[in-house]
Every structure is written in C-alpha cells, then in structure tokens.
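Residue-level listing of the chains:
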Amino acid sequence: MKVILASLIAAGLLLTGCNRVPDSVAATPATYPELIAAGQREGGLSIYSNTDSAEAEPLIEAFRKRYPGIAVEYADQSSVEMYSRFIAEVAAGQGSADVLWGSAMDLQLKLAADGYAQPYHSRESDALLPGSNWRDMVYATTREPIVIAYNKRMIPAAQVPRTHADLVRLLRDKPERWKGRVGMLDPERSGLGFLFYANDMQTSPVAKDVLDALGAIDPKLYSSNGAVLERLVSGEHAITYNMIGSYMLKRQKKDPNVGVIYPTDYTMTMSRLALIPKAARHPSAAKLFMDFLLSAEAQTLLAANKMAPVRADMGDGGVGFPAGANFKPIKVDESLLGELDPVHRLALLQTWRRAVRDR
Amino acid sequence: MTRPFRIGIIAATAVAIFAPLLLVLVQSLLSGPFFGQNVHVTPDAFTYVFTDGDFWRALRNSVIISIGMTAIAVPVGAILAFLFVRSDLPGARWLEPLMLAPMFISSLVLSFGFVIAFGPVGIVSLWVRDMIGFVPWNLYSLHWLILIAGLTHVPHVFIYASSALRNLGSDVEDAARSTGAGPLRVVLTVSLPMVRPALLYSAVLVFFLGFELFGLPLVLADPQGVLVLATYLYKLTNILGVPSYQLMAVVVIVIVAIALPLVFLQRKLLATSDRYVSIKGKAGNQRRVAIGKWKWPALALIVAWLAFTVILPVAALVFRAFLSSWGEGAVLSESLTLEHFRELAGYPNLIRGIVNTFLVASVGGALSVGLYALISLAQHRWKSRWATFLDYSVLLPRAMPGIIAGLAIFWVFLFVPFLQPVRSTLISIWFAYTLVWMAYGMRLVQSSMLQIAPDLEEAGRICGATGAQVSRYVTLPLIRTGLMGAWLLIFVTFVREYSTGVYLLSPGTEVIGSLLVSQWATGAVDTVVALSTINIAMVMGGLFLLTIFRKKQNG
Chain A
1 MKVILASLIA AGLLLTGCNR VPDSVAATPA TYPELIAAGQ REGGLSIYSN TDSAEAEPLI
61 EAFRKRYPGI AVEYADQSSV EMYSRFIAEV AAGQGSADVL WGSAMDLQLK LAADGYAQPY
121 HSRESDALLP GSNWRDMVYA TTREPIVIAY NKRMIPAAQV PRTHADLVRL LRDKPERWKG
181 RVGMLDPERS GLGFLFYAND MQTSPVAKDV LDALGAIDPK LYSSNGAVLE RLVSGEHAIT
241 YNMIGSYMLK RQKKDPNVGV IYPTDYTMTM SRLALIPKAA RHPSAAKLFM DFLLSAEAQT
301 LLAANKMAPV RADMGDGGVG FPAGANFKPI KVDESLLGEL DPVHRLALLQ TWRRAVRDR
Chain B
1 MTRPFRIGII AATAVAIFAP LLLVLVQSLL SGPFFGQNVH VTPDAFTYVF TDGDFWRALR
61 NSVIISIGMT AIAVPVGAIL AFLFVRSDLP GARWLEPLML APMFISSLVL SFGFVIAFGP
121 VGIVSLWVRD MIGFVPWNLY SLHWLILIAG LTHVPHVFIY ASSALRNLGS DVEDAARSTG
181 AGPLRVVLTV SLPMVRPALL YSAVLVFFLG FELFGLPLVL ADPQGVLVLA TYLYKLTNIL
241 GVPSYQLMAV VVIVIVAIAL PLVFLQRKLL ATSDRYVSIK GKAGNQRRVA IGKWKWPALA
301 LIVAWLAFTV ILPVAALVFR AFLSSWGEGA VLSESLTLEH FRELAGYPNL IRGIVNTFLV
361 ASVGGALSVG LYALISLAQH RWKSRWATFL DYSVLLPRAM PGIIAGLAIF WVFLFVPFLQ
421 PVRSTLISIW FAYTLVWMAY GMRLVQSSML QIAPDLEEAG RICGATGAQV SRYVTLPLIR
481 TGLMGAWLLI FVTFVREYST GVYLLSPGTE VIGSLLVSQW ATGAVDTVVA LSTINIAMVM
541 GGLFLLTIFR KKQNG
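Sequence lines, in order, name chains A and B.
In terms of the working numbering, the first sequence has 6 at position 6, counting the first letter as 1, and numbering is strictly consecutive.
In terms of the working numbering, the second sequence has 363 at position 363, counting the first letter as 1, and numbering is strictly consecutive.
For the record, the hints were derived by calculation from the structure and aren't laboratory data.
Certain hints may be false.
Said to hold, decoys possible - Below, in silico cross-link-like pairs of lysine-lysine (DSSO-like), each with a Cα-Cα straight-line distance of 27 Å or less:
1) 278(A) / 328(A)
2) 110(A) / 254(A)
3) 331(A) / 235(B)
4) 110(A) / 253(A)
5) 254(A) / 278(A)
6) 110(A) / 331(A)
7) 383(B) / 293(B)
8) 179(A) / 235(B)
9) 110(A) / 235(B)
10) 179(A) / 152(A)
11) 208(A) / 235(B)
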C-alpha cells in the first residue's frame with residue numbers, strides 16, 4: 001500500500017513540473033489567400049464557448065460553407081468550466097482550443113493579460129465600434145444590453161419604470177408589494193452577477209440608490225439564468241434586475257408577457273469576447289474564424305439571435321434597440337482586471353452584503 | 001480467487017480511487033492550481049474556509065438535510081419494498097416501474113417540476129388558493145427541501161431493499177405467521193431486520209447523496225438564500241473571480257472526514273453479517289405474505305407517494321413543455337404550443353447526445369456492473385486488511401460533489417500520460433461515472449452476496465472446484481437477480497448523470513445532461529422541459545418493456 005501511495009504522490013509532484021505557457025507563436029502569412037491556404041492545410045478548428053450550441057450553429061454552418069476544408073469542433077460549456085479546462089490543458093501541454101469565445105468578460109481578459117493569448121490584427125478591426133479590440137488580442141463580438149425585465153401581467157403599463165431612478169421610486173413607494181417579488185443574479189455566486197453589479201456601481205451614483213432600494217425589499221438571488229428567468233415568466237417575480245438582454249428578447253419572442261426595459265438614463269452593455277490562445281494548434285484557422293466572427297455575415301447571424309453587432313456599419317442589426325437608448329458598454333480593458341483583484345473584489349462584495357444580504 | 005489475483009484487483013481499484021483524491025488533497029494545501037506557476041504550500045485555504053461563516057451555515061444545512069432525508073427515505077423505501085416484493089398488494093407489478101421514476105429525471109428538472117406544481121404560483125398551489133383563499137405551504141422552506149429530498153431518494157433505498165427481499169426465502173416469514181404474528185409484525189420484526197445490511201448500506205449512501213445534493217437546492221433553496229455545500233462551491237468559484245480549486249478542495253476534505261467515521265460505524269453494525277444469511281443449501285420457496293385488511297391503506301400510501309413525488313411534478317413538467325407561459329394570471333388554454341419541441345428538433349447534436357447517453361448507460365452500465373461484481377468477488381469472504389481497506393475506500397469518490405469529482409478526474413486524464421489518448425472518448429466519461437457510483441453498484445452486488453450461506457460455496461470447494469470456479473458456478477448465478485437490479489440502477493443513474501463528466505465531454509461525446517445544462521444557463525427552460533419530456537418518455541418506455549420481459553420470464 002505504501003508503495004502505491006508513494007508512487008501516486010511522486011506522480012503528483014511530477015505533474016506539477018509541466019506548467020509553462022508556450023511562447024512561440026507562428027507568424028501570420030503575409031497575404032490573405034496564404035492565410036486561407038494555411039487554414040485549409042490545418043484542416044481543423046476547435047472552439048470553446050459558453051454560447052449555446054443551438055445559437056452558434058448557424059454561425060458554424062456558414063463558416064463551414066466558406067471554408068469547407070476546415071472541420072469545426074464546437075464545445076459549449078459554462079464560462080468557469082471553459083476557463084478551468086483551458087488553463088489545465090495548456091499546463092499539461094496537451095493542446096487546447098483554437099478560439100475561446102465567452103461572455104465572462106473578466107476571465108477572458110485575464111487569460112489575455114496572463115499571456116495565454118496571441119496577438120492578431122483582424123482585417124475587420126477598422127469596421128468595429130471603438131473599444132472593441134484590446135491590444136489585438138481580445139475582440140468584442142456582440143453588444144448585449146443589460147436590462148430590467150418585468151412580467152407584463154404583474155406591472156401595468158403606466159407603472160413601468162423608464163430609468164433607474166424610476167425603479168427606485170417604484171420600489172420605495174410600496175415596499176410591501178415588492179417583498180420577494182424581485183429577482184437577480186447573485187454577485188456572490190455568479191460571475192456575471194458580479195460583473196454587472198461592479199460595473200453598475202462604477203457607471204452611475206444612482207446604482208447605489210437601486211442597491212439600497214433592493215436591499216429593503218428582500219430580493220431573491222440566483223446563481224443561474226434559467227432559475228431566475230422562469231420565475232419571471234411565471235409571475236413569481238414581477239421584476240428581474242440586470243439581466244442579459246439577448247436572453248430576455250428571445251424569451252419575449254415566444255412569451256409576450258415578458259417586458260424589457262432599457263433604462264434611458266444609462267443601459268450597460270456586455271460583449272462576448274473572443275481570443276486566440278498561443279497554444280492554438282490551428283492558428284491560421286483560428287484567425288480565419290476570428291475575421292469571420294467579426295464580418296458582416298456572422299454579425300448578421302448573431303443579430304438574428306438578439307446579439308447585436310459590434311460593427312460600426314450595422315446599427316443594431318435589427319435587434320430592435322429603442323431610439324435614444326443611452327448605452328454604456330462595459331469596457332474591454334484593464335478595468336476588468338481590477339475587478340478580479342481580491343482586495344477590491346472583497347470590498348465590493350462587502351458593500352453588497354451590507355446593503356442587501358445582511359440587512 | 002487466488003490471493004495475488006485478489007490483491008491485484010483491490011490495488012488497481014485503489015489506484016483509480018486515490019489518484020483523483022490525492023490530487024484534491026494536494027490541491028487543498030497549495031496557494032493556487034497545482035499545475036500553476038509560483039505555487040507554494042500553505043494552510044491558507046483551510047483558514048479561509050474555516051473562518052467563513054457561510055461555510056458553517058452551508059455545512060449545517062447539508063447535515064440537517066442529509067439526516068432528514070435519510071430519516072424519510074429509509075423507512076418509506078423499506079416499507080414500499082416489502083409491499084411490492086413480499087406482499088400480495090394488488091397491481092404491484094404495474095406500479096413498480098414507476099417507483100424508480102424520480103431516479104432517472106435530472107434532479108434539476110424534477111425540482112422545476114415541483115416549482116411548476118407546488119411553487120408560489122404553481123398549478124396545484126393556485127388551484128388550492130382559489131379554493132381556500134391562500135397557499136398553505138411554502139415550497140422554498142428548508143422543511144420542504146428535506147421532505148422532497150427524502151421522498152425523491154426513496155427509490156435508492158427501495159432498489160436495495162427489494163433486491164435483498166427478493167432473495168429472502170419465505171420460511172422465516174412463514175414461521176412468524178404460523179406462530180400468530182400479524183403482517184405488520186412480520187414486516188417489522190422479521191422481513192426488514194433480515195435485510196438490515198441492505199438498509200444500512202442504503203442509509204449511508206442516501207446520507208452521502210445529501211451532501212452531494214445539487215439540483216434540488218439550486219432550484220428550491222436559492223430563493224430563500226439557503227446555502228448547502230454544493231451551492232456554496234459556487235461562491236468559492238466566484239469569490240476570487242477565478243476558480244479557487246484549493247478552497248473547493250478543502251470542502252471535499254471536510255466531507256471525506258465525515259465519511260470515514262460513518263463507514264466505520266456501518267462496519268461495526270454489520271460485524272456479524274452471518275446473521276443475514278438467507279440463501280442456504282436447503283431449497284426455499286417464496287410466497288407472498290397476505291396482508292389482508294392492510295391492503296388498501298398500503299395501496300393508498302403508495303399512490304400518495306407516487307402522486308406527490310412523481311405524478312404531479314412530472315405531469316406539471318410535461319404540461320409545461322407544451323406551454324408558452326404559465327403561472328399567476330396566465331391563461332393556460334391560450335398558451336398551448338408545440339414550439340419548444342420544434343425548436344429542440346433544430347438542436348445540433350441532439351440525436352448524438354441521446355445515442356451517447358444510451359450507450360454509456362446501457363453498455364457502459366453493464367460493464368460497470370461487471371467490474372463491481374469482480375471487485376466484490378475479490379473481497380468476498382476474505383478476512384484481510386486489504387478487504388477492510390477497500391471497504392473504506394469505495395465511498396470516497398462519492399464524497400466529492402459531482403463538479404469537483406469531475407474536475408479531479410479530468411486532471412487525472414489530462415496529466416497522466418497513458419490516459420491522455422482516451423480523454424476525449426466516451427471511455428473517460430464511462431470511467432468517471434463508474435468511479436463515482438462505485439459505492440452504489442458495489443453495495444448492491446455485495447448485499448446480495450452477503451445473503452449466500454458459506455456452506456454453498458464450501459460445498460463447491462469440497463467437490464474440487466477452484467476459487468474461480470466457485471465464483472463462476474455458485475456465487476454469480478445465485479446473485480443474478482441482484483446483478484440485474486444493479487444494472488437497472490446503474491442504467492438510470494448514468495442516464496441522468498452529468499456533472500461528473502462535464503470536463504471530459506467534448507464534441508462527439510455530448511450526453512443529454514450536457515445539453516440540458518447549457519440550455520439552462522441561457523435561461524432556455526422551454527427547451528429544457530421539452531428535452532426532459534422526451535427523456536422521460538424514453539426511459540419510461542424502457543422500464544415498461546422491462547416489466548413485460550420480467551413477467552414473461554416469471555411466467
């Protein structure tokens with residue numbers, strides 16, 4: 001028995017040795033036809049993403065049609081799984097995805113900042129909205145408003161809040177009416193919940209009032225989108241705060257009882273971020289995919305699933321944003337890393353707890 | 001079996017069990033991912049978790065839930081098993097397949113069935129409210145969580161108890177009846193005590209599943225802010241922004257620390273397993289006990305359990321799959337739709353997911369049972385430290401909540417060179433499932449083996465059979481029913497298993513569970529319920545066929 005244990009431990013120690021981030025990156029071919037030829041030669045492309053495979057399918061299909069020689073593998077998983085799987089695979093030197101495409105903006109940027117991503121200047125770069133490209137390593141690929149959603153059966157049209165201040169008034173006016181009727185993602189347990197909360201606080205002082213008003217009415221906190229959305233649809237919750245707009249709009253298409261509010265004072269937007277890892281085994285195919293993802297064709301396909309384009313020449317791509325919406329994008333830059341700083345993070349969570357949980 | 005062969009099998013099993021566990025142990029003592037750079041040994045993770053109030057709250061809730069659900073599931077499961085297997089209950093054959101229903105529906109989805117039926121604006125709740133003016137229950141309270149967890153784990157006890165009862169000759173019960181004992185007394189003082197090993201095993205396992213409970217608390221306890229260990233892990237994932245494996249590893253170590261004394265206790269209680277021998281050299285006939293006037297209350301008990309645990313939530317779920325909207329103020333008749341199924345049909349990899357799920361559950365399940373039987377035989381009738389050691393070990397993989405077990409097994413496949421080629425095949429997923437459910441399958445096989453009198457095997461030896469021949473021609477045929485039961489159990493368990501395989505899944509090896517979870521994450525509950533409806537229909541069909549098959553076989 002001792003022998004087995006000893007050898008297992010020894011194996012464990014050996015494993016800890018293989019932990020390097022590869023730093024040799026093949027140069028991009030000089031011309032585009034060469035890049036295409038190189039991609040075709042590689043013959044494969046592996047994408048890790050947390051975008052549901054049904055939503056991504058039209059995109060993948062179009063890419064296959066354009067580059068028939070490249071076999072695409074699309075693995076959808078949660079953003080945390082994606083991150084864990086990726087860093088472990090790279091550490092094991094086993095090769096990993098060729099493209100990482102995820103909505104956990106902070107984790108994606110951290111991977112790039114930690115040196116996992118390779119730079120590539122997409123040929124679509126100039127067509128993108130400002131702030132969509134971080135150091136040629138991380139690209140924003142969608143624009144999805146963070147909205148307030150409500151159940152139309154529960155809130156008469158006249159009472160529907162238009163701004164954050166309206167929401168505060170509505171909640172404070174009759175706190176009894178809203179007790180337990182408001183749901184949201186839990187910043188303590190959901191990465192997205194935290195991202196939205198932290199950026200909300202950064203964007204406007206009114207967010208503090210919202211927090212305060214929410215704290216008074218015992219909001220229900222969730223760690224998954226499915227749980228909170230279903231409770232909105234059933235009327236168990238009348239309002240859900242800071243939800244991903246694209247999911248709400250998709251549901252609205254099927255169930256007209258779902259109401260979506262883009263607060264006119266400010267509406268945050270988030271983006272799904274894409275990067276090409278240094279460890280990519282099919283770097284040329286990955287570059288082709290990155291260009292494709294940012295092309296008008298792919299952006300139109302994404303817009304069909306309510307994920308609005310990041311191209312300056314496409315407007316809202318038919319998603320149907322209200323006129324005069326005041327969008328405040330969550331910036332694709334180092335500020336995302338600040339939110340991962342443990343001290344800063346714990347301080348923000350402390351504020352949250354005092355205002356909401358421990359009240 | 002020869003001694004080196006036994007030791008070989010046990011050692012191989014131990015390596016499979018301890019590889020991921022040791023990784024977790026090492027991880028709990030480090031400052032970052034074990035494969036990362038600049039990582040050093042530190043007790044910080046333990047300090048953090050042990051000084052976190054939420055951890056203690058979660059642990060307390062998990063312990064309360066585990067105790068509560070064991071206290072509910074074991075008696076109910078045992079009594080139902082007696083009624084189905086040993087009594088002349090009317091309609092037993094047709095009701096029995098339904099008994100297993102809660103096991104093969106993903107607990108995430110089943111919990112949603114409860115919300116749709118009994119939630120604050122659930123279909124049953126609104127109906128009751130219309131009659132009496134208010135809803136007299138709160139589905140999201142801890143009591144309800146315990147009740148639902150207990151009742152949905154009845155099948156786990158049932159399947160153990162019923163397979164043990166099936167092997168029990170009627171002689172003991174007849175003896176009790178002929179000396180004037182009533183049916184109730186026979187159950188409580190003869191039948192059930194005879195299957196005490198099966199009941200004890202299942203009690204310990206259900207207790208453990210309480211720690212691992214994830215879907216139910218995620219859906220039912222979230223709104224009240226009630227944390228359990230598995231949902232507390234979410235907090236640990238998020239607290240530092242990046243997944244903090246060392247903190248999660250500490251939670252696993254805590255659960256393992258609770259597991260070991262429990263196994264010790266179970267072993268003490270079963271120290272004299274000779275008492276439970278019921279398959280002896282003498283031919284025994286099995287007759288059902290006439291329960292007379294108890295027939296109808298018994299049937300009522302079963303129907304009540306079925307209605308609450310299976311029929312209402314499942315019906316609500318299936319109904320929901322045809323609705324575009326529901327709940328307070330929704331007009332259901334105007335919301336009927338087939339849209340969700342149409343949407344599902346357009347899902348890429350749907351068919352592949354279904355095929356893979358069935359492959360892993362049926363073929364893989366059979367292989368797993370074979371493996372469990374082999375390991376059990378290696379340990380069978382062997383008073384050795386090796387056997388004791390194995391007893392303590394098999395429960396340990398289940399002490400890891402599914403998500404962490406999955407991560408640890410993924411690490412093993414990733415970092416052990418000779419395992420790398422199979423990492424992205426169904427084999428790795430099968431291996432992960434087999435490992436975490438080992439305690440389950442093995443206990444089932446073993447509780448059947450305990451019932452075989454040693455004289456049968458000794459008779460074989462006297463006639464000149466080798467150890468292997470005795471296993472092949474005496475022991476195995478005698479536990480055939482037990483093995484069938486084990487396969488059925490493993491099949492349904494693998495059908496709904498998902499979290500353990502999550503890191504091992506890759507394009508081409510998707511299973512239904514993975515599709516469910518990715519839809520859940522985007523809030524597409526519509527397609528989740530549609531897919532679950534299909535899933536339920538398939539497994540119900542399978543169970544129905546099995547019932548007919550069994551009936552034919554018996555006839």
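Structure-based check of each hint:
1. 278(A) / 328(A): violated, 31 Å
2. 110(A) / 254(A): Violated, at about 36 Å.
3. 331(A) / 235(B): Roughly 25 Å between the alpha carbons, so the hint for residue 331(A) and residue 235(B) holds.
4. 110(A) / 253(A): Between residue 110(A) and residue 253(A) the Cα gap is close to 35 Å, so the pair fails against 27 Å, i.e. violated.
5. 254(A) / 278(A): Violated. Residue 254(A) to residue 278(A) sits at ~41 Å, over the 27 Å cutoff.
6. 110(A) / 331(A): With a Cα-Cα distance of about 14 Å, the restraint between residue 110(A) and residue 331(A) holds, given a limit of 27 Å.
7. 383(B) / 293(B): Between residue 383(B) and residue 293(B) the Cα gap is close to 47 Å, so the pair fails against 27 Å, i.e. violated.
8. 179(A) / 235(B): OK: residue 179(A) and residue 235(B) at ~24 Å, within 27 Å.
9. 110(A) / 235(B): Holds, at about 19 Å.
10. 179(A) / 152(A): holds, 18 Å
11. 208(A) / 235(B): holds, 23 Å
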